[in-house]
Structure formats: structure tokens, C-alpha cells
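Number of protein chains: 2
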Amino acid sequence: MKLYEGFTPAQLIERKNALELKFEGYKNKNFNLDMSRGKPCVEQLNLSNDIYRQALNFDFISENGVDCRNYGIVDGLPEMKRIFAQILDVTEDEVILGDSSSLSLMYGVIEKAFNHGLLNSVPWSKFDRVKFLCPSPGYDRHFAICELFGIEMITVPMKDDGPDMDMIEKLAAEDEEIKGIWCTPIYSNPTGITYSDEVVKRFANMKTKAKDFTIFWDAAYIVHHLYEEGDRLLNILSECKKAGNPDRVFIFASTAKISFPGAGVAAMACSVENAKYMKKLISIQTIGPNKINHLLHARFFKDINGVMAHMKKHAEILRPKFEMVLNVLEKNLGGLNIAEWTRPRGGYFISLNVPEGCAGEVVAKAQEAGVKFTSAGATYPYGRDPRDRNIRIAPTFPPINELEQAIEVLCTCIELVAINKVLKSEA
Amino acid sequence: MKLYEGFTPAQLIERKNALELKFEGYKNKNFNLDMSRGKPCVEQLNLSNDIYRQALNFDFISENGVDCRNYGIVDGLPEMKRIFAQILDVTEDEVILGDSSSLSLMYGVIEKAFNHGLLNSVPWSKFDRVKFLCPSPGYDRHFAICELFGIEMITVPMKDDGPDMDMIEKLAAEDEEIKGIWCTPIYSNPTGITYSDEVVKRFANMKTKAKDFTIFWDAAYIVHHLYEEGDRLLNILSECKKAGNPDRVFIFASTAKISFPGAGVAAMACSVENAKYMKKLISIQTIGPNKINHLLHARFFKDINGVMAHMKKHAEILRPKFEMVLNVLEKNLGGLNIAEWTRPRGGYFISLNVPEGCAGEVVAKAQEAGVKFTSAGATYPYGRDPRDRNIRIAPTFPPINELEQAIEVLCTCIELVAINKVLKSEA
Numbered sequence: 002m003k004l005y006e007g008f009t010p011a012q013l014i015e016r017k018n019a020l021e022l023k024f025e026g027y028k029n030k031n032f033n034l035d036m037s038r039g040k041p042c043v044e045q046l047n048l049s050n051d052i053y054r055q056a057l058n059f060d061f062i063s064e065n066g067v068d069c070r071n072y073g074i075v076d077g078l079p080e081m082k083r084i085f086a087q088i089l090d091v092t093e094d095e096v097i098l099g100d101s102s103s104l105s106l107m108y109g110v111i112e113k114a115f116n117h118g119l120l121n122s123v124p125w126s127k128f129d130r131v132k133f134l135c136p137s138p139g140y141d142r143h144f145a146i147c148e149l150f151g152i153e154m155i156t157v158p159m160k161d162d163g164p165d166m167d168m169i170e171k172l173a174a175e176d177e178e179i180k181g182i183w184c185t186p187i188y189s190n191p192t193g194i195t196y197s198d199e200v201v202k203r204f205a206n207m208k209t210k211a212k213d214f215t216i217f218w219d220a221a222y223i224v225h226h227l228y229e230e231g232d233r234l235l236n237i238l239s240e241c242k243k244a245g246n247p248d249r250v251f252i253f254a255s256t257a258k259i260s261f262p263g264a265g266v267a268a269m270a271c272s273v274e275n276a277k278y279m280k281k282l283i284s285i286q287t288i289g290p291n292k293i294n295h296l297l298h299a300r301f302f303k304d305i306n307g308v309m310a311h312m313k314k315h316a317e318i319l320r321p322k323f324e325m326v327l328n329v330l331e332k333n334l335g336g337l338n339i340a341e342w343t344r345p346r347g348g349y350f351i352s353l354n355v356p357e358g359c360a361g362e363v364v365a366k367a368q369e370a371g372v373k374f375t376s377a378g379a380t381y382p383y384g385r386d387p388r389d390r391n392i393r394i395a396p397t398f399p400p401i402n403e404l405e406q407a408i409e410v411l412c413t414c415i416e417l418v419a420i421n422k423v424l425k426s427e428a
Numbered sequence: 002m003k004l005y006e007g008f009t010p011a012q013l014i015e016r017k018n019a020l021e022l023k024f025e026g027y028k029n030k031n032f033n034l035d036m037s038r039g040k041p042c043v044e045q046l047n048l049s050n051d052i053y054r055q056a057l058n059f060d061f062i063s064e065n066g067v068d069c070r071n072y073g074i075v076d077g078l079p080e081m082k083r084i085f086a087q088i089l090d091v092t093e094d095e096v097i098l099g100d101s102s103s104l105s106l107m108y109g110v111i112e113k114a115f116n117h118g119l120l121n122s123v124p125w126s127k128f129d130r131v132k133f134l135c136p137s138p139g140y141d142r143h144f145a146i147c148e149l150f151g152i153e154m155i156t157v158p159m160k161d162d163g164p165d166m167d168m169i170e171k172l173a174a175e176d177e178e179i180k181g182i183w184c185t186p187i188y189s190n191p192t193g194i195t196y197s198d199e200v201v202k203r204f205a206n207m208k209t210k211a212k213d214f215t216i217f218w219d220a221a222y223i224v225h226h227l228y229e230e231g232d233r234l235l236n237i238l239s240e241c242k243k244a245g246n247p248d249r250v251f252i253f254a255s256t257a258k259i260s261f262p263g264a265g266v267a268a269m270a271c272s273v274e275n276a277k278y279m280k281k282l283i284s285i286q287t288i289g290p291n292k293i294n295h296l297l298h299a300r301f302f303k304d305i306n307g308v309m310a311h312m313k314k315h316a317e318i319l320r321p322k323f324e325m326v327l328n329v330l331e332k333n334l335g336g337l338n339i340a341e342w343t344r345p346r347g348g349y350f351i352s353l354n355v356p357e358g359c360a361g362e363v364v365a366k367a368q369e370a371g372v373k374f375t376s377a378g379a380t381y382p383y384g385r386d387p388r389d390r391n392i393r394i395a396p397t398f399p400p401i402n403e404l405e406q407a408i409e410v411l412c413t414c415i416e417l418v419a420i421n422k423v424l425k426s427e428a
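Read top to bottom, the protein sequences are chains A and B. The first sequence begins at 2 in our numbering and counts up one residue at a time. The second sequence begins at 2 in our numbering and counts up one residue at a time.
Hints may be right or wrong, so weigh each one.
Given that identical chains are not distinguished, each listed pair holds provided it fits within a single copy or across any two copies.
Claimed, not checked - In silico DSSO-like pairs for lysine-lysine, Cα to Cα no more than 30 Å straight-line:
1. 373 / 277
2. 281 / 373
3. 277 / 3
4. 160 / 210
5. 280 / 373
6. 314 / 113
Just so you know, the hints here were simulated from the structure itself, not pulled from any lab data. It should be emphasised that the depicted structure is a prediction, and the values quoted were computed from it without experimental measurement.
Let the hints inform the model, and build the full structure from the sequences given.
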């Protein structure tokens, strides 16, 4: 469909003049708004302050008698492992806890794959080339790890029910250098979609040329529903076991956006064999993660029910923000055929596509008006969006009035860039 | 000097019989004592409980306005960096903080050296062979990292003022495959000695064939004095700078044995160039360490004076334990020429040498009586003490009455093994 379908050139010029005035008005307001990262807002952080109240009684002894202040337990405190086992629907011996960053657990698996090899595999450092499949738009920090390790990234398009599985199956079956894939399977970063059961099953069952092909399954938003009725993600570890590929997947999660991004608990889940192998390696790397933090979290949340009740409070804070963004987008851009966006039912992002070749310009223009969005292209391997059209909106952090301003500015910038494009092409 | 100098065979047999009775008596007591690891005792842990009292006011905002609950700051909270800068006598921009484990910072430098190379060096994974110098007895976990990475370990003898520098200088100057060395330079694990100024200067100035030869300077016990007048360690980073080798050293420390082993703050210090390079790599690995833990620690200790005052309280708990061990050793073994031991003025260990070929047997015998010591050989590369004579005593964890029992048992075991050795050789 044509951009601004139905508008005459004169109407477009009139509209453009009005938008330019509006834009100048925004500039004069000297905004300084940062919409670039998916950080929880202060009200969300406050929900978890009581974690530390538990420390008041100076009782640091775990359920099974471990003094959490002292050395010991390389894979994390059992009561916190149990909560993650419930969240991820796995057994406790399939869970390994870390410190606060799940990213560093992901990095750890990659680093170990390179240096020591994965279960029954050859260290990846022995290969001339290692490639990863990268469903995109995706999470920039996944791609940054690949770039650091010199892993060649192959962009795979995202669809409404997950990445393009035809392409993934074909490539993984053919190319032994393809060693893995990054996925954010529920409330995907940034498109907000959740992988269908069929997609999960195809991941579990597909043939891979590389025997140690590994799925990095970043379940960052596994309990991050915005609505009562949340998306449901099929359990990939179970499916991999059924398919006879139990060691194919590592699942990652953390309480970053449940408790505190800067001070939560991270976890990974995998087959018991993988967990044993990883624990052996991790026991050389560290004497153990922060067990007091595990203990305080476990006492605060108690179990999966505690987590789910807590996430409802997050949703109450976030839902109005997401809905407001969608309303402002619809109000300004609806029916113009110049942008499309996702309507996620959870997670941290709304993904926006503007006309091809315009995303960079739109983000730059917003920056000119004092509103910083995630760099255009950041959601693609090497920071390059081949169609230069995707913009990631992170509605969580700003107060709702600032958020509204930011999205109004964004809409104006999109229109200005799009209108100029149309006028140029018609000139 | 001869073992049991001046004893007649008859006297030895009489003594042996008495010892065997004593040993049987110990066995009947069904001890279950673990002397194997250098863990702080409960009284020491209690000294730091108030760290968490600071969290009570629910104020998680740092000096410079950072909300420590949220994302951000990959190299650690400034106020905690400042304390480590004071402890290590470096500048704040020479410090990088981690989570609780300094071991994982050490592992991180090794892993990065292999995968990405150190500053201006080639990734170590590109070499057929990498070797490390390992002053021994030393810390088993250092050696375990080498073993995991397939780094060939070269044992270097320890002297009273540090490792054998003649040997180190010669080997490092000749062999390009020698890429580094492990040191615990103050209150060394396990010998308890502190490197002399001359040794530190020779480390800073020595010629190395490998341009990226790296000193892993594990200052684990930098403020862990047992007496008012503590050992003093020359600042290696300053010396390296003076010598024109600023990038040669990484210094490691943590509050493991200041606050909590399982929940402290770890740090490393290095040249600003090294720090910049490492921060770039670490920023791909993690979004950041636990800043709330940094904040609580910083507020609790305030500055170096707070740390030193706190360490005096540790010393008051530990000094009687160390002195008791030394007294029991002297009382039982003094003048027999069958054992020698160190008299450290700080740190966590007493190092004991028994007659050659006897350490394994002594530790096994003690285990038979229900007292577990660190495995003989554990303090040497590959877990093999070439002279099988070193035993590491960790006096900190057990209550003092149990500690006394354990050392009495140890002395009896040493005598039994030594006496049998003498009687056999005279038979």
C-alpha cells in the first residue's frame, strides 16, 4: 500500500508545514528524554524493596542449614533454585543459579564452548569459523557477544509466531559451521511475539549438521505478562528430551525485571548432563554466586505463586504505559500507511516499523528534539538493519507523561521523514 | 639433621607404643572435624551482619545519584571503587569491581586472554602451548584454572621472601610460551610469608620473552593482619609503572574475608589502559555487577579506616587460634626434627612440612581419626607435591577447642608416621 494513500501533494505540503511547526515547538521545549533502554521504572523497583527487610533478623541460614554468608554451593541456593525450577517448569537439578546477570551466564556458555567445548564437543576455538543464526530484530547484547567472539551472524527474519523456521532448518541441516541460535521466545525482544508450539517443536526436532548446535533460549520475559491471560510458551527442554536432543538447549532467565535489574538473581536451565558438565567448569571459575542474595530473594518470593502475584503488580504499572503508547501511535499514525507496530501482551518492548530507509533518520530527528531512542539498527546483527526501518520502543522506564511526550515527538518525526520521502519521490 | 636426633631405638619404640594408644583414644572419640578450607568462623561473619541494616531505610541511591537497584555501571559503584583504591593504593580508575568472587575475575582475565587476547596481544588460543610459572606451595584454585585451560604449570620453589626470583627471571626471559605467573604476595597461601621489596621490584623490572607476560597478583590477604604491626607489601602497580611495564600486572582482592565469603565484593586493579580494555570486554559480558551489594558495603565500611578497624576485630578472633596452633605444634613436635612450620603474622594459613614422603600418609591417618585436612599435594600444580611433605593448616573456621583437638591429632599422626619411617630405615 502507498504511503499517505489518498493524500494530494498539496495536502501533504500543508501537513508537512504543520508538522514542522510542531517539531520546532518540541525543540523549544528542550526535552531530555531517554527511551533507549528497557529499564524498569522506580515504581517497579519499589515493589521489591522489602527483599532487604528479610535481612533484618540477621538469620542467614538456609532451609538446609547452610550459612549463606560463608563459602560453598557453586550452583546456587536450593530454595532459590526451586523457584526458578517452577518458573521454567524444569527440575531443580536442571537449574544453575548465577549472580545477578543472565547475560554473563550466556557469555559463560559461549566462552566455555570456545575454550573447553560443550558436552562431548570440540572447543569452538579449534574451528576456522563459527556461525550463529540470529532471528532479527533481536536483542543487541546477544549479537554483541557474537561479534566479540568473531562469530559470523546470519540474520533470520522474524514472523508472527517466531523466526522463519524453514530458513533455520535448511541452514542448520546444511552447514556444520552453524553452531547455535539466539532466541527470546516469549514476548520477544523487541517484537513482543511468543513462539508458537509448532515453532518450539521444530526447534527441538530439527536436524543439525553440527552435533553441538546449541539453542540459547533467553526466557527473559517468561513471567512478564501485561494481562491476566498471558502468552504460553511450550517447554523447550521437555520437547528436546522427547525429540532425543536433550542437550541442545540452554534456557536463561533472571529476576532482573522481577526484583532488581542491578541486583537480582540469574539462572540457567538445561539437561542434567549439561548441568553436571557446566557445574564442573563453573566450580573452577568461581567459589559460588552471592548466596545471601539468593536467600533474600527466596524468602521474599517464597514460590511461583509469590512471583506471579508480584508480576501482577508490575503489570498494573506497565499496562497503562504500553496502552498509552499504542493509543498515541494509533491516533497519530493510524490509516496513514507509514508505520506498523506490534501490540505485545507482555515483555518490555513495542517494535515499530517505519518506511524502508527511514529508521535512522527518524531516530536522529527525535534526538534533535531531545528524545533518545534505541539506535536504529541496534536490533540487528552488526547494528545494521538491512531495510533501515525498525525502531524499538521501551515504554517501561519514563513517567507516563514523559512517555507520552516522547511518543508524540516520535510520531511527528516519523511523519516528517515519511512526508519528505513521498514528496521527493513525487518531485 | 636426623629425625628424632638423640633417641635410641628402644626409646622410639616406647614412644611409638604410647602414640598408638593415644591415636586409638582419638579414634574412639569419633571426631568429625573439617580443617580443609580457609573459611572464616561464625564469629567473624557476625562482625559484618550490620551491612544489611543499611538497607532498612530503603535508600538505594548512591553518592552520585545512581539508583543501585537498576541497570548500569559495568565497572562497579564509585564509592566502593574508592575503598578498594585505598586498600590497594591505586587510583579509582585503576579499579574494576565484580560480584562476590575474585576467583571469577581471575578466570575472566585468563578466559579473555585466550579468547580475545590481552592489551595488544594475540589470543592465547592461537598458541600451541601456554605455560605459567607457579610458585609452590600455592593456592590450589589458581592451579585448577591453569589445568582447565591446558596451561602447562612450572613449579617454582617458595623462599622466605617470595618465590625463587633467579629461576623466574631466567625462565621468563628465555621462554616465549611462558605467559604468566600466580602470586599471593602478602601472607601467602599457604606459607604466610610476604614478598620483600626486592622481590616485588624484580617482578616489575624483569625481562620477559612474551610481551604479554602477565602477573596475577592475588592480594587476597592485603589487610588481613593478625598483629598491630602488619606486614607491608610494596605496590607492584607503581613499581611496574616505574619500570616501564605498567600493563604487566593484574591485582585481585575481595571482601570475602573482610565481610562475607559468599556475598562480598571482588575487585581487580591494573593500569588505566588495561582497565579501559577490560571494561570494554566486560561490558559485552554483563550489564554490571550487583550494585546494591557495593552500596551496602561502601556504607558499612565508609573508607580504609573503617576497613582497618573492622580487620582488627577479625584479628582479635583469629590471633588466639593461630597462636594456639603454633603452641600445640611446638609443645608436641618442638626439638624432634620431624616437622617445620611457618609463623605467619597474617592471612589464613600455617604451612607445615613433615618428613619427605610423609604428607599423604599423615593426612590419611588424621582422616582415619575423623579430622579432615586439605589433601596433601593440593598446594602444588596438578595436586602433586614432588616431595610429599607439605600440609596446609587452616585455623580460622573451627571453634578453638575443636581446633586444638584437631592439631593434637595431627601431631600424633605426624609422629606415628615419622617414627615408623625412622624405625623402618634403621631395621
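Which of the stated hints cannot be reconciled with the structure, identified by number in ascending sequence? 3 and 6
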